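Could you slot chain R onto chain P? The hints should help.
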Amino acid sequence: MQFPTLEFATFFAVTASISWLIRRRRVYQKAWLLVASYVFYAGWNWQVLGLILLATLLNFGAGEGLTRVRSLAGKRAWLAFSLVANLGLLGTFKYFNFFSESFGDLASIFGLSAHLPILQLVLPAGISFYTFQNIAYCVDLYRGTGLKAANLLDFALFTAFFPKLVAGPICRSRDLLPQFEADAPNAVPDVGRAASLILSGLFKKAVLATFLDTHCVSAVFGTPENYSSVALWVAMVAYTIQIYADVSGYIDLARGLGLLLGIYIPENFNHPYASTNSGEYWRRWHITLSSWLRDYIYFPLGGSRRGNWRTYFNLLLTMLVCGFWHGADWKFVMWGAIHGVALALYRMGLDFKRWRGLDMKQPDPPWHLALSWLYTMAMVCFARVFFRAENVGAAWAYIGRMLSPSAAGTGFELLVLPAIAIGFLINFWGPDLRRWFIGTSERLPFAARPVLWFATGMLILALKPSGIAPYIYFKF
Amino acid sequence: MLDKYKPIDTTPTTLTPIAWVMAAQWLLLLALYVIFARDFSSWSEAGEPALSRRAIPVAHATLAVSRSLGIVQLREAVQQAVYGTYDKPVTLAGTAHVGAQRGSAANSHGAAVPPPIQQANLQAAPGRALPQPKRVLIVGASSIQEELGIAVERAVKQYKGIEVQRLGRISSGLARPDYFDWPGKLQELLDQFHPDLVIAQWGGNDCQSLSNKDGSVVANYGTPQWDEEYTRRVKAAIKQIHDTGANAVFIGMPFMKNSNFSNKVSHMNKVTEAACVDRGAVYLPLWDLTIDEQGKLRTAVTVDGKRHMMRLSDGIHFSEAGAEYVADQLCQRLAQYFTLVPAK
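Protein chains in written order, with my numbering: chain P, 1 to 476; chain R, 1 to 344.
Next up, chain P with everything else stripped away, as it sits in the complex (with noise of 0.2 Å):
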């Protein structure tokens, strides 16, 4: 089931339903929640659901492993345990056909024949979410700053709760268990802020990013040799628009359904493209990924205690595993690298600036901002074409093309251009705009309220074109 269908809505309606109906009986409320996030993940496949099952059973038995357990080394052994089951699941699932295909590869290299078996497996979706909140939920375990699920019933819904099971974001053990725990509340919280995180995720998915897709970057990317240097440019920038529209409009639908439920989802994305370095832009941008990436991958290895070089060089490692996280696919990880490079180098300055005695508090001045500004938008949209080529090849083809002003060919659609400036000011003023859509929607009589919400959403499906996109982030 998608999110923005009529199925989707009448699924909603029926779970929301019944789960406020029976919320004085706490049990069976999370119960009805759980079966009803199962039946959403089914529609995806039915043979995954299996998959969801046996990954819940796993860590919910490491984690009781791990907080009755006494010693280091029985710790120790339940962690490794969760990282192997967890990591097992995911390597099997996504990556086995990389792996099996890229051996072959490497064996062509030195003329030998090497036909691995290619498994027709589904790919689950939301395995690389559900998987790193498991491996988190574990691991905070391990560490003694997690919070413990009190039954399975919790541990289960933590995992398949529906608004954010496909999409992320990732969440912690902290940010939805206490939820769950505590009693559901006799009224449903911020109804204001979920029609407008609706509202909102269903113009950037339904509208934006699907006009993008279809009108300019589909095309492009799909054969840039038809188009010019300026439409390869401008489809460039237009991915970048997409791609924030689509992910920030997913989690902005799953922010508010969650709330319709009367759970909080944490934010996933804080105006990452008013970034002006790399360093700021990964904590704006996916920031649950981000963080989980931080405290889980950089952290272990060391962060950035173990000296200069060793920094950089922990930046780029955990850089190139969230481009492999991103998909079983060498561009991924090239994506990665670019990124990795980039944080390396913006860690570079500030031991330099640290070194030569600079004042790092003094405020930068307004040219310096705009043109670090625009160093990360060039940097983060050029890391994009990695992102969405083929593959690398393809990618290197495009960049060359790109930088080739006699390349000759099909121009880009006027439209696109407004688009991209809407994108732009969804980034700056997105919050803003949906804080002032709620205090008028308040201003309004009760009654009122439900008539302006309804047709803000008429009039952005009236500007939907037709089709819609795939959503980017379902293939991790």
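For the record, the hints were derived by calculation from the structure and aren't laboratory data.
For clarity, every value in this text was computed on a predicted model and none was experimentally measured.
Derived BS3-like pairs: lysine-lysine, alpha-carbon spacing no greater than 30 Å straight-line:
id, chain 1, residue 1, chain 2, residue 2
1, P, K353, R, K6
2, R, K157, R, K88
3, R, K6, P, K361
4, R, K6, P, K148
Same frame as chain P, but now just chain R:
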């Protein structure tokens, strides 16, 4: 470098009575069903048989209510106004395809266009030359917009002197001209590009009721009237192509992972193939390329000596390698009907 973990704030700013929210929710859902009645109807017809049998009467009743309130017509008008704006783009910073002079029986190079291939002449008789296409138009739905279309375009361009234009549109087909008017768009492309060969693939999104441009239903899916009307539409598309002097090639739908969907597209293929045979268009099947010896979905292909997954996880669309393989096979089959000279 990064901010430390901060717990999220779960303190509500406002609280709204549950009964009010539920009532509003159900009223809005009802309004959605009435406004999107056409989509509900299509969904019910395209769904699993057990579900469809129950949902179709409700969907048709909702559609009737929506039509009587004028909502369907209003929505179609708004949709056409919006799509009309989106689909007539102003293009900047490029050189568009140069259109050829339109002659009644001349192609872009002034040479006489050979008559459309008759099905009886599928194989070249010894000594008889096959037509050599110079301008190829590729049209279809999501597969043509994405991997398969890209691969076919690249494969065809490898032959000497061929210009290609391609248009694929997600979720489109011949069933719903109220959603995307393929006959209109096809005519526009024929008039602008003047191809001498059109390669088309429709069907994946056509397993639903057939409607007119105004949204009125012509034939329900699964009825003999549907077969008749869909055949007429395919023949009409072939006639549109032949009237400009171009040859028409229809690509069949591949085998699908979902057995229900597979049965539907198999029927679609039979209808399309019969229409092609009747009207003298070429029909190139994909079925045999996408099924293994056990009659199941073919999982892997070998491209450049390396094995790759053939389809994406949805079991519908092709992977990059799968599309490349299929495109290569299609070109080999095309070479039985057309002269394709390798560029190198």
